[in-house]
Amino acid sequence: MNDQLVLNLACVIFLLPLACFALMAVFHERIPRHGDWLATTALGVTLACAIAIFVHAAMTGRNLLVNVTFDWLPLGMTNMLKGGILVDRLTAVMLVVVTLVSFLVHLFSVGYMAGDVRYGRYYCGLLLFTTSMLGLVLANNLIYLYIFWELVGLSSYLLIGHWFEKKSASDAAIKAFITTRLGDVGMFIGLMICYWKVGSLQYADLFAAVQNGVLSGQGFAGYDWQTLAGLGIFFGAMGKSAQFPLHVWLPDAMEGPTPVSALIHAATMVAAGVYLTGRLLPFFSPPTLIFIAYIGGITAIFAATIALVQDDIKKVLAYSTVSQLGYMIMALGVGGYVSGLFHLTTHAMFKACLFLGSGAVIHAMHHEQSMSQYGGLRHKMPWTATFYIMATLALCGVPPFAGFWSKDLILGDTLAFTMQHGHWFLVVAGFGTAFLTAFYMTRQVFLTFFGAPRNEHKFEHAHEVAWQMLLPLVILGTLSLVGGLGGWFEKYNPKLDGITQIKAIAEAGYQSPLVATAVAAAHQVAAAAHEGAEGAGEHNPVVAQAHHTAMVLSIVLAFAGIGLGVLMYRERKNGKALLNPDALARAFRPVYVLLWNKYFFDEIYNAVFVETTHIAARVCAVFDRLVIDSVVNFAGLMGKVGAFVVDMLDRLVVDGLMVNGSARAAGFMGNELSYAQTGRVRQYLLLMVLGILALSGVVLVLIK
Amino acid sequence: MDKMLLTLITFLPLAGMVAVLLAPGKAHNLIRGIAVVTSGVVFALTCWLWWVFDPTALASHGYDARTWIEIPWINSFHVYYRFGVDGLSTLLIVMTGFLSFLATFVGFSVKKQVKGFYALYMLLMTGMFGVFMALDFFLFYVFWELMLLPMYFLIGIWGGPRKEYAAIKFFIYTLLGSVLILLVMIAYYFQVAADPKTADFAFNIPWLVANQPFHGASPAFKHLLFWGLFIGFAIKVPIFPFHTWLPDAHVEAPTAISVILAGVLLKMGGYGILRFNYPLLPEVGSTDWVMWFLAVLGVVNIIYGAFCALGQTDFKRLVAYSSVSHMGYVLLGVAVLKEEGVNGAIFQMFAHGLSSAMMFMLVGVLYDRAHHREIARFGGIATQMPVYFGLAVVGFFASLGLPAMVGFIGEISVFLGAFKYSMPLTAFATLGMLLTAGYILWTMQRVYMGNPKPQYAEFPDANKWELISLVPLAATCILFGVLPALAMNIYLPSTQLFLKMFAQ
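Residue numbers (our numbering), protein chains in the order written: chain Y, 1439 to 2142; chain C, 4 to 507.
Bear in mind the hints are in silico, worked out from the structure with no lab data behind them. Errors might be hidden in some of the hints.
Said to hold, decoys possible - Straight-line Cα separation of at most 20 Å, EDC-like style, residue types lysine to aspartate or glutamate; simulated pairs:
id	chain 1	residue 1	chain 2	residue 2
1	C	Lys166	Y	Asp2067
2	C	Lys456	Y	Asp1609
3	Y	Lys2078	C	Glu167
Keep in mind it's a predicted model, so treat the numbers as computed, not measured.
Produce the entire structure from the sequences given, and follow the hints as far as they go.
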C-alpha cells in the first residue's frame, strides 16, 4: 500500500458518508427503512478504510503519510487560503475512533430509535455529523478545521434538537450552539491573528512561524502574538470540549437521543477540542500551556463534584465526561501529548459504552432516566450490566482496564510537571478527580444494577435489549478491557516536536518560505549541536519517579473511591447501606445544594448574559422605532407642515393678499371712494381743509 | 453579438413588459408565462455574460472590451449610451438575473392585477440591469430613478395594510438620496464641461475616475462631494441611521418584491459606493478619520442591526433587520481598503443577495398560508411542513454565516481584512457572529419547533412553485460556500484595480 492509496482511502472515508448524507437528505422517505442499513453499511465500509490506514501507518514506521494542499479561497491576487488533507498517526487514530464509534452508534440506533417520527432525518444528522468530524480530523490547516468544527456544531444542534417538540430539547440545542460558538468566536480571533501575522493557516506554516519567531512581537497586555493566538484558538477548544466556564451546554445536550450523546457528546465531538489542542501543541507558548493546564484541572475536579449528587443517569455521565475532558486538557497543558490523546482514545471506548449502556437501560425502563427509579436491573439485563460494569471499571482506572493506563499516564505527567515547575493545584485536582470518579461511578452502578428495584412496575417490564443494541456494548466493553494494554499508544503515536513535524511535511512536498526557513535553521542547529536535548523528559529520573508514585497512588485512590461507594450504596440484607448517603447530604446541606444546582452556573449565565442580551435587543428595537424612525417621520411631518405652511402662504399671502388683495384693494377703493365724488364743491373744500389740518397735525407731531 | 449582450439583457425585459401589456388582462397564466420566459431568457443571457467575461483581460479603462458599448445619446449635454462591465458588475448582474428569474415564480402568489404587477416587474428589471451596467453618470442616474418608479407602485398597490405609508417613505427617502447624487453629478458636469477640450467626458465615469477633475479642489469641497454621494448610496444600502425605510418597505411589500428589494436593490448602494463614491474621490475615502468613521459605522450596522433583529416580534421585520446587520459587513470591508476586505465586501453582497432572498421567500411561504407574520403565534411548523423546514434550515444557516455556506465566506474575508486594519474594532465586531446566531436560532425555535398547533394543521408543505424558487437558492448557497473561488475569481482583478487608486 502506498501513500497515493492512503490518500484515496482518506477521500473515501470523507466522501462516502457525505454522499450517503446527500442521498438520504433528499430521498430518505423513499429508501427502504429510511436508509438506516444503508447508512450503517456505509459507516462499516468507512471503518474498514480507517482501520486499513491505521494498520498501514503502523507498518510503514513513518508518522506522516499524506499531506496534500490545494487552493481554496482566494482573498486577493496573491493571498490564498489553502485547503488540504493531512494523514498522520494522530489522524489515523482519530479516524478509527470516529468511524468505530459512529458505526456502532448507527447500529445501536437501529434498535434504539425504532419507530421514531423522524427516523430518516435522525440518520441524516448522524451522517452529517460523521462527515464533519472526519473532515475535521483530516484537515491540514486551521480554516478547514474551523469549517468542519462549525459543521460539527450544526449537526450537534440538529441532533440535540431532534425531538424539537419538547421546549427543553430545542433550548438545549440553542444553548449548545451558542455556547460553543462563543468559543468559536475566540478561535476565530486566534485565526485572524495567525492570518495577519503568518499569512497562512497551514499547520506547518504555523509551527514554522513559531520556530522563526514570526509571532514573537508584542501584542496586547504584555503577551506576544503567539500567546494571544494560542489563547484564542484554545478558547474554541474550551467551548467544544465543554471546559470550565463554557461547560454549561454539555449536560443539557443530554436532551438529545442517547446514542447521539454517546457519539457526539462523549466520544467524538467533545473530544475535538482535545484533538485540536494536541494537534497544535507545538504552536502553544508556555503561558498558554499553563492556562490550558489550569483550565483542564479546574474542569476535571469541578465537574466531578457535580457528578457526585446527580440523579439522572445521563447527567452523571455528562458531568463525568466534562471531568474526563478536563483531564485530557490538563494533560496536554503540562505537555503530556501522549497521555492526553491516549486518554481521548480509551475514553471514547468506555464512555461510549457507558452511554450506550445507559441508553439500553433507559430503553428498557421506558425512557425513565432517574436512577431513583432503577435498582436491581442486573437480573433483568445481565449482559448490559456486565459490559456496563466493565466500562465503569475502565473509567475508575482499575488495572488492567483501558482507562487505567491512560489515566495513570496523565497523573504521572502532571506529577512530573509539578515536581519540576510547581503548580501543585494540578496534582491535587488530578488525584482528587480520580477518587471522586471512582466513587460516583460506583454509586451509579449500585443504584442502577444492584439492590432492590425501586419502581416495581417499570422493573417488571424491563428486558434485555436486542442484538443491534447489545453488539455495540459487547465490542466497546471488550475494548474498555483491552484498549489500553501495554500503553500501545505511546509507541504508536509518540510526541513529536514542531520542527520534526515541519520537516516531515516539507519532505512530503509542502513548500512555503516559512517552512523552508525553519527547516534550514533546524539543520544549522542540528549541525552545531549534534546531540540535541531530545528525549530529555523521558530519561529524567524525576519523571520516572513521578510516574511510579502516580501509579501506586492512582490505584489506591481508585479502590478507595470504589470502596466508599460500596459502603454507601451497597444495600445489605436489611435494605440499608453501611453509610447513609441521605444523612450525609443532610449533614452537608449547603454543599449538597450547591452541587445539586451545579454551582448555579445556569442561573448566573441566564441572568448575566441571556437576559441582558434580550433587554439590549428590546431597547435597540424600541430605540429604532421611537427615536431613529421618529426622526424620519418627524422630518416627513416637517416636510408636510412646511408644505402646508407654504401652501397657506401661497394661498393667503401671495395669492390672497398680494395678487387678489391688490386687485380687491383697487376695486374697494374705487367702490368706496366713489361715494366721495358727490360733485358738491363745498364738500370738497371742507374735506380739503380737514385734510390739510390733519396733515399739519401729523407734521407737528412728527417735528416735536 | 457580444456588443449587443448588455443592451439585450437590459432591454429585453422592456419587450417583455410590452408583451405583458398586450396580453389580455384576464389571461393570468399567459402573463405569468411571458414573465417567466422573459426573465428566464434574461437569466440565460446573464449566464452567457459570465461565460464570455474574461476577468484577466480587462481593457485599459478597467472594463471588459468585448461587451463595452458607447454611442452618443444627447450630444448637447455630452451624454452617451455607455454600457460596460467589470468583475464587480458581472457578478451582480448574474445575481440579479438569477434572483429576478426566481422571484417571477414567487410572484405567482399575487392574485390581483397580475398584468400590472408583471408589467411593472419587467420595468423594474430593466432599471436594475441598467444601474449595474451604465458607465455614463447621466445614464446611470436615469436608470437609478427609473427603478424607483415601478418599485413605488409595486409596494403601494400590491403591498400590505400600511402599503401607502411604506411606499411613500421608500420613495421619498430614496429620492432624497438621489437628489444628493444628482447634485454631485451636476458639480462634475460643470467642472468638466467648462473646458471645451474635456467637455465630451463630462459624464464619462472611467474618464472621471482616471482624471480626477476635482483633484486640485479644496478638501472641504471634496468632502462635500464625497459625503453627498455617500449619503445618497448609504440610504440604499441601508446604513445606520438611514435604514428605517427598509423594515417598513419589506414588511409591506409582496414577497417577490421583498426578494428583489433585499437581494438586488440593497446591492445598488454597495455597488454605488464601490463604483462611484470611492473611485471618484479616493483621497477622501483614504483619509484616516474617514476610514475610521466608516469602519466604525459598518460595525455599528452589524451590531445594532443584529440587536434590533433580536428584538423584533414580526418575522419579516426581523429578516429586514438582519439585512441591515449583514450589509454592515459590506461597509466595513470597503472602508478598511484592504484586499481581503474589499473582496469580502463584494462577496458579502453576493452572499446576502442569495441568503436574504431565500429568507424572504421562506417568510413569504409561511405568510401565504398563515396571513400573519407574528413570530409568537407560530410554532411547530417543522412537524407540519418537513420539506419546507429542511430548506429553511439551509436558508437560515446560510444567513447565520455557517461555514460551507455563502454567508461565511463574506464574513471571514471582511473580518480578515478588517483585522489588519484594526484589531480591537474587529474583535468587537465578531460579537455580531454571536448575536446573529442568537436571533436566527431563537427565531427558528419559536417559528418551527415546539408542538404543532391545531390552527396550522391544514398547512400544505411547500408546493412545486415554491420549490422551484427555493431549491436553486439553497443549492447555490451551498455551492458558493464550498467553492467560493467560482465567484471570487471573477472580480479579483477588478478589486485590485480599485485598490490601486488608494496606494499612495
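Do the hints match the structure? See the list:
1. Only pairs whose Cα atoms come within 20 Å are accepted, and lysine 166 of chain C paired with aspartate 2067 of chain Y is accepted, the gap being roughly 17 Å.
2. Between the alpha carbons of lysine 456 of chain C and aspartate 1609 of chain Y the distance comes to roughly 19 Å, so the proposed pair stays at or under 20 Å and holds.
3. Of the supplied pair hints, the one linking lysine 2078 of chain Y and glutamate 167 of chain C holds, its CA atoms being roughly 15 Å apart against a limit of 20 Å.
Every hint from the earlier list agrees with this structure, and none is contradicted.
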